[in-house]
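Using the supplied hints, reconstruct the complex from the two chains, each of which is provided in its own coordinate frame.
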Amino acid sequence: QQQVKQSPQSLIVQKGGISIINCAYENTAFDYFPWYQQFPGKGPALLIAIRPDVSEKKEGRFTISFNKSAKQFSLHIMDSQPGDSATYFCAASIRAAGNKLTFGGGTRVLVKP
Amino acid sequence: ETGVTQTPRHLVMGMTNKKSLKCEQHLGHNAMYWYKQSAKKPLELMFVYNFKEQTENNSVPSRFSPECPNSSHLFLHLHTLQPEDSALYLCASSQEGPGGSYHEQYFGPGTRLTVT
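Residue numbers (the working numbering), protein chains in the order written: chain A, 1 to 113; chain B, 1001 to 1116.
Don't read these hints as lab results, they were simulated from the structure. Note that the coordinates shown come from a computational prediction; the quantities given were computed from them, not determined experimentally. For each residue, glycine too, the CB sits at the ideal point set by N, CA and C. Hints are not guaranteed to be accurate.
Sample of chain B residues at the chain A side, in silico, Cβ under 10 Å [said to hold, decoys possible]:
(1) Y1033
(2) L1043
(3) N1050
(4) P1061
(5) F1064
(6) S1094
(7) E1096
(8) Q1105
Keeping only pairs whose Cα atoms sit at most 25 Å apart, straight-line, the calculated SDA-like set for lysine to any residue is [as the list claims (entries may be wrong)]:
(9) K57/A <-> G41/A
(10) K58/A <-> A45/A
(11) K1040/B <-> F39/A
(12) K1022/B <-> S1071/B
(13) K42/A <-> S1065/B
(14) K1040/B <-> S10/A
(15) K100/A <-> S1071/B
(16) K71/A <-> A24/A
(17) K1052/B <-> Q1095/B
(18) K1041/B <-> P8/A
(19) K5/A <-> T63/A
(20) K5/A <-> E1056/B
(21) K5/A <-> M1046/B
(22) K1041/B <-> I50/A
(23) K1052/B <-> L46/A
(24) K1040/B <-> Q72/A
Isolated chain B, as found in the complex (with noise of 0.2 Å):
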């Protein structure tokens, strides 16, 4: 497996069920993100992780927890969403350094989630 991965591609979920994304970078980087990616908005960051430690929650509702056990693997636990959460959840991953850098985010393909 080269660049980042996502799994599952699909995923169609009920209200009341619990589910979650994985995504898997392997490229060695040290910082990872979430996105949502809906129809009608411009690219969400949700969840940034720096060296496994959570450095942004950008205001996510609690229905959505993330983890990041290691610097290579990124979760999304889902639990009780709402139909408006149907939408491309996208991860992703770069190489940060000290004093802020212009490193590239290399995005995975994204697990497109509906909510029935």
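Only chain A is shown next, with the shape it has when bound in the complex (with noise of 0.2 Å):
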């Protein structure tokens, strides 16, 4: 009932064209949708963020899209760059119950210059 599904585990694209990182849950209560970025020998960090309120948000290249009834969200990365190679992870949360996010299992992207 809490898993949030990731695919695909990785993902090679050319620099200037598109990633797209899809997932999937179950939970309907869950009212927060972050996605975070890792690079290696980092922490993760908060890259964007949705609620379900919303079917998109655009944070410069980076686009969340997010559909309700399908109980998807996905990650759009616009004309991806070879800094933006790092994995990548959705997660999940119920506002009201505390800020415990459920994350899924990342997706390792690698742009090629």
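And the structure:
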């Protein structure tokens, strides 16, 4: 019930291309969906987040699309750059239950120059 | 020091050893967390402390013992660990308010633990 499934596990994209990562959840009580970016040797850092009353959120080259009826959300990285090479995690939490994040399995993105 | 710091960054310990991981947050936050990051599993929440009180123990074995002496420091005491406990242990902090919130969690760089 608490699981968040993330795909693909890894992704290779050419510089300038679009990276797309998908996540699906089961628990309809989730009401906060952040994406974290992690570089080797570092902890995850918040990249962008969305609430279910919004279908899309864009910050620079990063866009979250949210489909409440399908219980899915995705991260799009436009004009991917080598510096975007990192592991990306989707997560979900229930605001009323405290700030306890349930993470997806992660996607390792490699952007080739 | 800024953000969330963790020491040591790397630790190798035998199954009979006792060691402790330390986390310190310099952000003035009131909540702190321990997560386990293994190669083949999603990031797993282990413990949550709000205002120094433990509010979550996510079915973690007793060989892991957390301690939160104040709102800036968090420890994870380890004893008689198993090889499958080898992982990256991440600390995080956030500023929580009443009624629930969407506040960002800030992560430290982690301690890479190897149990031999």
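Verification of the supplied hints:
Hint status for Y1033/B: holds, given a least beta-carbon distance of 8 Å to chain A, under 10 Å. The restraint placing L1043/B at the interface with chain A holds, with a minimum CB-CB distance near 4 Å, inside the 10 Å limit. Checking N1050/B against chain A: minimum C-beta separation of about 8 Å stays under 10 Å; hint holds. Taking 10 Å as the C-beta contact cut-off toward chain A, the hint placing P1061/B at the interface is violated, the least distance being around 19 Å.
The interface hint given for F1064/B is broken, as the beta carbon of that residue sits about 17 Å from the closest beta carbon of chain A, more than 10 Å. Satisfaction of the interface hint for S1094/B is found here, the shortest Cβ-Cβ separation to chain A being roughly 6 Å, below the 10 Å cut-off. Against a cut-off of 10 Å between C-beta atoms, the interface hint on E1096/B holds, since the closest Cβ of chain A lies about 6 Å away. Interface restraint check: Q1105/B against chain A, minimum CB-CB distance 7 Å, threshold 10 Å, status holds.
A distance of roughly 29 Å separates the Cα atoms of K57/A and G41/A; the hinted pair therefore is violated under the 25 Å criterion. Taking the CA atoms of K58/A and A45/A, the gap is near 17 Å; set against the 25 Å cutoff, the hint holds. Under the criterion of a C-alpha separation no larger than 25 Å, the hint pairing K1040/B with F39/A is consistent with the structure, at around 17 Å. At roughly 13 Å between alpha-carbon atoms, K1022/B and S1071/B fall within 25 Å of each other, so this suggested pair holds.
For the hint pairing K42/A with S1065/B, the CA-to-CA distance comes to about 24 Å; that is within 25 Å, so the pair holds. Under the criterion of a C-alpha separation no larger than 25 Å, the hint pairing K1040/B with S10/A is consistent with the structure, at around 13 Å. Restraint check: the Cα-Cα separation between K100/A and S1071/B comes to about 18 Å, which is no more than 25 Å; the hinted pair holds. For the hint linking K71/A to A24/A, the alpha-carbon distance of about 6 Å falls within 25 Å, and the restraint holds.
For the proposed pair K1052/B and Q1095/B, the alpha carbon gap of about 13 Å is at most 25 Å, so the pair holds. Straight-line distance between C-alpha atoms of K1041/B and P8/A comes to about 14 Å, which keeps the hinted pair within the 25 Å bound. Only pairs whose Cα atoms come within 25 Å are accepted, and K5/A paired with T63/A is accepted, the gap being roughly 19 Å. For the given pair, K5/A sits about 23 Å from E1056/B by alpha-carbon distance, which is consistent with the 25 Å threshold.
Pair hint K5/A plus M1046/B holds up; C-alpha atoms about 19 Å apart against a cutoff of 25 Å. Restraint check: the Cα-Cα separation between K1041/B and I50/A comes to about 24 Å, which is no more than 25 Å; the hinted pair holds. Simply put, K1052/B and L46/A have alpha-carbon atoms about 24 Å apart, close enough for the 25 Å limit, and the pair holds. Taking the CA atoms of K1040/B and Q72/A, the gap is about 22 Å. The hint holds against a cut of 25 Å.
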